[in-house]
Structures are given as structure tokens and as C-alpha cells.
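Colleague: Each chain, written out:
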Amino acid sequence: MSKYVPSRLATLPQTLDPAEYDTSSEVRRAQNERLAIRARLKRQYLLQYDNPHRRGIIEDPALLRWTYARTANVYPNFRPTPKTSFLGAVFGIGPLFFWYYVFKTDRDRKEKLIQEGKWERPLSITY
Amino acid sequence: MAASMTVSRAVRWLGAAARRATPPGARAASGLTKDMLPGPYPRTPEERAAAAKKYNMRVEDYEPYPDEGFGYGDYPKLPDRSQHERDPWYDWDHSELRLNWGEPMHFDFDMYTRNRVDTSPTAVSWNTMCKHFFGFLGFMMFMFWLGEMYPCYQPVGPKQYPYDNLYLERGGDPNKKPEPVIHYEI
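Protein chains in written order, with the numbering used here: chain A, 1 to 127; chain B, 1 to 186.
Hints are computed from structural coordinates only; laboratory data are not their basis. Heads up, some of the hints might be wrong.
[To be verified] Residues of chain A clear of chain B, computed beta-carbon distances all greater than 12 Å:
| # | residue |
| --- | --- |
| 1 | Pro18 |
| 2 | Thr23 |
| 3 | Pro95 |
| 4 | Phe97 |
| 5 | Phe98 |
| 6 | Thr105 |
| 7 | Asp108 |
| 8 | Gln115 |
| 9 | Glu116 |
| 10 | Pro122 |
[Unchecked claim] Derived CB-CB ranges, DEER-like:
| # | chain 1 | residue 1 | chain 2 | residue 2 | range |
| --- | --- | --- | --- | --- | --- |
| 11 | B | Trp13 | A | Asp108 | 28 to 34 Å |
| 12 | B | Leu146 | A | Pro122 | 26 to 32 Å |
| 13 | A | Asp108 | B | Asp61 | 54 to 60 Å |
Glycine included, C-beta positions come from ideal geometry on N, C-alpha and C.
Bound-form chain A, shown alone (with noise of 0.2 Å):
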């Protein structure tokens, strides 16, 4: 049996992990904090959630944080450096180029065919 490799698509298992089994003091209070955190918040949710006087829906700031940050944070943030510039050259003006070249040189070929009255259309009933 071989060992499972963990990767991006397939984590480990909570049970392989070794850090699953830690109990070392540090461990604990991080855990004890996290949890205290979580606590704070599920409290503050049920009561809006339990709230009898409430008419609309509860607005979640983390939701809102995260709708922000995906669409309004963006550009505030971008920086031209060498990365970006590249990676925005090949994603935004490389496909440009590439397909104008793939359809011009796809096109002339069938146009030399024509020409030449070699171009062939056998009958399809699919397209």
C-alpha cells in the first residue's frame, strides 16, 4: 500500500494529519481562542436571528467584507510591477494576436482552395 500524498485537489485526511493529534498547551489555547471568537459571533447571530422584533434580514459584515474586496478593492490595489504586467499581456493581449493569426492563416488556406477550385464540401447532415 503505498502512503497518501496529499495535493492541491485532494487535502489529507483529518485522521492522517499529525497536527490533528497535538495537545500541546499552545495547540489548545489556540483552539480555545478560535472557538471563544466563533462563540462571540454565534451569539451576536441568534440574537438578531431570535430577535421577535426584527423585520428584515441580518446583514453579515463578513459577506459584505468579501463582496468588497472582490470587486471594489481590486483596483485600488493593483500595482503595474514586472509580474502583473506579464501575466496581463499574455491573458489580456496574447489571445488577440493568436487568434487573429489562427482564423487569418485558416482562412487564406480555404481562400487558396477556392481559388484553385480545389475547395471540397462533401454533404453533412450534422452541420
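Once you have looked at the hints, place chain B on chain A.
Modeller: What follows is chain B alone, placed relative to chain A:
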């Protein structure tokens, strides 16, 4: 060097112009103030602590994306785990998203929902799966290619048609007598 400087100055001028063009009195349509929204990359430890508090995370857990100008700002870099991996039996606030209220969402959250990318552990590791799959595919393709190169079948001969090799059906003259075609030997 001077060209890239002018380009970055032009980019910054465009950003400042966009900010100048927002009408005065414009505000976010929610209860969040400007300091509770994501901002630029944190440089000092105080900024990091403030950002961790803003995102409801521990200061030790908070790790922003590296500052390479990609536009992440101070958004935290959470582990790339899909929502498939989260406990299905816990009482999440949003049960189908397996998400709690106020919890920092992954930057690619919409990719990691339960309808899309799944990073949960597989029965066999990825490398083994790849080896088995591509090994089988490669072997089958190799065998088919071999069959194309070296075909082997029962011996065949040309098809023998009756009526003098179908003389009349092939448009032969009915008044003329065709030459006899004999396919057998006695």
C-alpha cells in the same frame, strides 16, 4: 525605467481621478464604516492587528496575501479548503454553505461551494489516481495503434457477384451477350 514610472504615475492619476469623480456624500449602502471594509496591505504590526480584529481572526492566524500588486489588499489568505470538507453535522448558520455569520470567507469562496470545486480527501492519493488512469488510457491507445499498424484478420478475397459479375445491373447492353464469368473450379 522612466517609461514604467510614467505608466505607474498615469495609473495612480486614473485612480485618484475616479475617487475625485465620486459625488460628495456617497457612502456604502450598509452599516459598515470605511474602517470595517477591506483596505490596503498592512505594513506595520498595529495595522496587522487591526486587520485581524476587523476580519474576526486571531492575530497569529491572520496572514494577508503577499503584496505583489494583484489587488488583494489586506484580505486574509485562508487555507484552500472547499466547503465539502466542513463538518456536515455541525449546526452552521448557513447550512448549505456550511458557513457561520461573521466568519471570514475565502477569497475564492464561490469556487469552493458545494456545487463546485471539491478538495476533500480521496480514497487513493492523486498521484496513484493519475498513474492508474493515464496508464490505462496510454496502454489502450498503444494497443489500438498497434492494431492499426499490424492488422490481423481472417484471410479474405474479393467479393464474387453472380450473373456474370452483375452485367445487367451494372448497365450492360441487354442485347449483347456478356462474357461468362466463372468463379469456381471443378
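Colleague: When the structure is checked against the list of hints, which entries are broken? Sort them ascending.
Modeller: 11
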